[in-house]
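Protein chains in written order, with the numbering used here: chain A, 1 to 417; chain B, 1001 to 1417.
Treat the hints with care, since some could be wrong.
[Claimed, not checked] Some chain B residues flagged as far from chain A (calculated, every beta-carbon gap over 10 Å):
1. R1026
2. D1067
3. E1160
4. Y1177
5. S1226
6. R1343
7. A1407
[As the list claims (entries may be wrong)] Derived list of chain A stretches under chain B, where covered just means 3 residues or more per stretch with a C-beta under 8 Å from a C-beta of chain B:
8. 179-191
9. 309-317
10. 393-406
Calculated directly from the structure, the hints in this document are not laboratory data.
Note that the structure is predicted; figures quoted are calculated from it, not measured.
Just so you know, even glycine gets a beta-carbon here, dropped at the ideal spot from N, CA and C.
Chain by chain, the residues run as shown.
Protein chains: 2
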Amino acid sequence: MSILIKQVLLQDQRVDVFIENKHFSRIAPSLDVVADTIIDGKSFAILPAFYNTHTHAAMTLMRSYADDIELFTWLHDHIWPLETGLTEEGVYHGTRLAALEMIKSGTVYFNDMYWYPLGAARAVEEMGLRADISLVLIDAGDPGKSEEQMRCADEVFSHEKDFSGRVRFTFGPHAMYTVSDKTLRKCAECAREQNRMVQIHVSETKTEVENSLKKFGLRPVEYLDSTGLLGPHVIAVHCLHLNDNDWDILKRSGATISHCPISNMKLSSGKFQYHLAMEHGIPLTLGTDGASSNNSLSMLDEMKFVALRAKADSGDPTSAPAQQVFDMATRNGAKAVGLNAGRIEEGLLADCMLINLNHHRLIPSGHLISNMVYSADAECIDTVICDGKILMQNRIVPNEAEIIRGAEKTYQDLIKH
Amino acid sequence: MSILIKQVLLQDQRVDVFIENKHFSRIAPSLDVVADTIIDGKSFAILPAFYNTHTHAAMTLMRSYADDIELFTWLHDHIWPLETGLTEEGVYHGTRLAALEMIKSGTVYFNDMYWYPLGAARAVEEMGLRADISLVLIDAGDPGKSEEQMRCADEVFSHEKDFSGRVRFTFGPHAMYTVSDKTLRKCAECAREQNRMVQIHVSETKTEVENSLKKFGLRPVEYLDSTGLLGPHVIAVHCLHLNDNDWDILKRSGATISHCPISNMKLSSGKFQYHLAMEHGIPLTLGTDGASSNNSLSMLDEMKFVALRAKADSGDPTSAPAQQVFDMATRNGAKAVGLNAGRIEEGLLADCMLINLNHHRLIPSGHLISNMVYSADAECIDTVICDGKILMQNRIVPNEAEIIRGAEKTYQDLIKH
């Protein structure tokens, strides 16, 4: 399948963009080629799509379920009891709803951490976007469960061949306080051997740091470093409570941070030291976290929040400028997870979105990136293409009503459970 | 013109809502009435619309023009030079664009402070929403200009009869540091005599407080109180840097605060003490500020920001819960500006929005207010009604393309100027 986008705005130029074999094949002021699908790009700009480096996709099922509650109560009295009723089929429906919302808001990739990875994988496969689906490791610090955890991972990974290249399975050790030293070391070893990404929550709360110091005499980043887990294949999520040594370790390791500003604010988890991440040159990407602590999955929202909170916290309105934030949400994300994507260039994977330049929120014209970060909402995005296929056009995603019905029914069954 | 909305969701009940003579005339489980327009409400919930208590509407023309810049440079090198080219016609086009965006995101009222009030008034009249349009008073502290300022106000107010009741003219003394004591006192007197609202920027920056103490030996709130300006008809905008005495004065005066969380963050102006406003029981409402410091005019964005920043700043995830924030954006706003509106009840002005319950961002169902605050975007709003007239239906606002062309051309002329 090939696509020719005619006379679309790419930065300051009108170009033809030819997509074939999943890649941007040719980009030029004018192309004389035959294509299966032709899109008139005159009213559109072409931009890279978004890469969401941390979420719990199927938690769309718990969107706005029990909000404005203290974390412990929220988890113990509301989320965990509800989750006991989840099945692989439920996760499939929840992940489809998440994928629908992500496509509608320009996201083509997400880094998932949740239960029933095969349910999530099936949803991703069908919906046409990309995901790294991590097998969650949680042994409550009991090294006796380590073997079982890793067997479980192997079993899931054995299904990788059933899916297209858009679906990858990775390791998701939940956090240093829920996974034993033995499992972390085993995970570190297997991830390197099998060339898999790892995502892990790191230093999300002050309590996590205090308990780590009490138990191990090490801060969470120091402790994780001691297990050999950290490396360039690791997405360290949150990283709110770091000291100088933590920053140095992260930098040396080559790990990427997934910053989730909305979740951090909603749960009152702490301040992300944006300027320190920049000073240390740590690869910085954006994640929405799950819908239950956000409550949307829009990278547009996330961009506005990261830019504004960085300015508010630093007292410096020049910090986190629009282009830097847009790059975090696009090219930085793609690079961090090893995708040859995130820019509109010949040879790269054909992931992109077409922006409706006549949308009122993008008027006046001429400031597209600022408008995307500070003003746009999902309605500004007309078309989303992933892996060379159209996932949304004219804001229509196939089967939307059926996806919504499936998720709603799953939720109704869950609360009856 | 009358409207019957059949079987729409109002809180937990399905009802028929009959609108005639600009008001909610009857609301009941089933109504047998004849209406000019019938809306099938089965897939909708009915909610009060939004009241935006502080903006500079025509600054949509400067949306995303020169972002991420320090305030002084931004004003002196970018905004003010551009504004010198503005005309009444330009303000008309900018205000139409603002009104379009506001209607599209559920807002039916805005409290405006900008140049060429008659241009703004004409746009509001045409677009069908409500506005208080303030005559900006700025005399750079020169009491010699006071008479001229007030004459100018009288001249504008004399046109009030040319507009419907949806358009009201009010006083907008810019701030205590740009308006002389004489003009403030005169404004205080006239506002009371003529029964007009007043809006004024108050304690937006630390510098404002420091300079006020230096010049007058009083803090801005104390100083304004000494001029007799404060009262229940005053919208005090921002109010970021207040001490205990300031809070007490505000409370005693009966003034309302217009909190603009996005603008405060974008310009790094300071922290709003949300919990103190609550503790003092000060009427609290929400404003978007102008598009150039936001850069959208969506009250949905504003609600998410106020809730999340209150949680982040206080470290308490239970602060600023969804219903409280939704009330700020709706009924509190309407009440503060003396409109008998802001709730869906018989006898109140017929301002409302119909929410598309099948929108993916509102799934699962059953948490509508949380979803509106934390998850919804403008696309969730299908229909907006103001003063008993439909301003948007099926997300279509009449003349949208023409409004956009007018604003774009105005901007292109401005930058050529």
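Evaluation of the provided hints:
1. R1026: B:R1026 clear of chain A: closest Cβ-Cβ about 31 Å, beyond 10 Å.
2. D1067: violated (5 Å)
3. E1160: Non-interface label on B:E1160 holds, nearest chain A Cβ at 29 Å vs cutoff 10 Å.
4. Y1177: At about 20 Å from chain A, B:Y1177 clears the 10 Å cut-off, so the statement holds.
5. S1226: For B:S1226, whose nearest Cβ neighbour in chain A is about 30 Å away, the distance exceeds 10 Å, so it holds.
6. R1343: B:R1343 is indeed farther than 10 Å from all Cβ atoms of chain A, at 22 Å.
7. A1407: violated (6 Å)
8. 179-191: violated (count 0)
9. 309-317: holds (count 7)
10. 393-406: holds (count 4)
Hints 2, 7 and 8, counting from the list given before, are not met by this structure.
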